[in-house]
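There are 2 protein chains.
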Amino acid sequence: MAEKPLILISNDDSIYAKGIKELVKAVKPLGNIVVVAPAQPQSGKSHAVTLDMPLTYRQTKLDEDILSYKVSGTPADCIKIALFKILDRMPNIILSGINHGSNSSVNILYSGTMGAAMEGALHGIPSIGFSLLNFAADADFSTARIFVEKITRTVLAYKGKNNICLNVNIPYDQPENIKGIKVCRQSEGEWREFFSERFHPGNKRPYYWLTGNYKNNEPESSDTDEFALAQGYVSVQPITIDCTDYKMLSDLKKWDF
Amino acid sequence: MAEKPLILISNDDSIYAKGIKELVKAVKPLGNIVVVAPAQPQSGKSHAVTLDMPLTYRQTKLDEDILSYKVSGTPADCIKIALFKILDRMPNIILSGINHGSNSSVNILYSGTMGAAMEGALHGIPSIGFSLLNFAADADFSTARIFVEKITRTVLAYKGKNNICLNVNIPYDQPENIKGIKVCRQSEGEWREFFSERFHPGNKRPYYWLTGNYKNNEPESSDTDEFALAQGYVSVQPITIDCTDYKMLSDLKKWDF
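Going down the list, the protein sequences come from chains A and B.
Last residue of the first sequence? That's 259 in the numbering used here, and every number before it is there in order.
Last residue of the second sequence? That's 259 in the numbering used here, and every number before it is there in order.
None of these hints come from the bench; they were simulated from the model.
Among the clues, some could well be false.
Repeated chains share a single entry, so a pair holds when one copy, or any two copies, can fit it.
[Claimed, not checked] Below, computed lysine-lysine pairings styled on BS3-like, alpha-carbon distance capped at 25 Å:
| no. | residue 1 | residue 2 |
| --- | --- | --- |
| 1 | K249 | K163 |
| 2 | K161 | K256 |
| 3 | K30 | K6 |
| 4 | K161 | K30 |
| 5 | K87 | K23 |
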């Protein structure tokens, strides 16, 4: 009998979030699972790594028969310490999430969930970040689990390029209302920031909470993740870790520096 | 007389690093400068933003006639708070650095310097991250300053696409030994991590420092930043904030999910 695939699971909402337990539940039949996830919430940590502090990790109990570790650092730290310290063989796939909240459009740049997935792809391991379009700590992940299982199964069966990386976003709805799975590109958009000003009770100095509204800069385009999600589809965006702007590259070669 | 360009400057090594002072010195003749930089070192912070804590900022003195602010957060936070809270008009260009150490190849994914530049590009402002291939706190930036000035001047004069973003790496050498400026794509490579184990003096529990060796996965390619730098060129990589893998996008559309 062939060895079951080794599935490494992480996230950014911490090992105590509901989303990571739901991810484990969704893919349990597909392989042997090891969880290596942050001990503390790491939302917005992007691809950050911890360089100015040492890391610690400790075995913990997430689910009765799942080997689980909590790490003092970021999602990308979790993947690094899993691959190069905790695991004795490379995983067949890395799954990150299920994130509480969307990682569509430019959110991917800030996302710790996607930082973990991209770190996996960097080391040549197929990696998927999953996000549910609901921020609530007690959100219902039952629809999400169906698509997580389906997409993970498909990627495990794929025999091509081994650093495939996917950003999967799942609408918050009943399964019968989901129109299907749509492969998309990243929407052009941005957060228009506002800084909510408050004052320290003692010294009266101001402090600011980062807040804002997302602005879709191409609402008319029909091939984007934002469009697919608004139509009720699960969006699947293939991700590259090569940040080169190839369109600009040829223009730039003609510049006279 | 036309208004001088407004130049916003940030970095990830903190407002107290030598590199940011050298960046100010290099571009001072080119416009009106405002510095908004982290109060604490932020190396490896990528595009992280601070969501779980409020931000504070305070005016400080970096150079006698430069308006300067230090911010409690990450490089990307600095750009957001500068654009949406501190400045009363949008800058004409955002410069980040000069980083103490290379941001070539996959280092860009972890780089706070480039996180600041990419945040600028996200808001449609031409942005450049500069890095010197030397980690020393007291490195000599005199060669770097020549190329920083030259490249900034060229980008300021450019009238095309307004979200141009460049990752510029500069060899640590005398000006006469630099062969020129080369436009490059990002090298494929990865950090092979090692975790240096130490033990807490009290409870004897282990802790780990992230360390490792960079592995260039395509040393023979001659169009990469790693190759250009090894040959003694300044490397200029155009950066995109669209993480979509377009090669994979068409393949993936044929998949049966």
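Structure-based check of all given hints:
no.	hint	result
1	K249 with K163	both (23 Å within a copy, 11 Å between copies)
2	K161 with K256	between (39 Å within a copy, 14 Å between copies)
3	K30 with K6	within (11 Å within a copy, 61 Å between copies)
4	K161 with K30	within (21 Å within a copy, 54 Å between copies)
5	K87 with K23	within (23 Å within a copy, 39 Å between copies)
Hint compliance for this structure: every hint is met.
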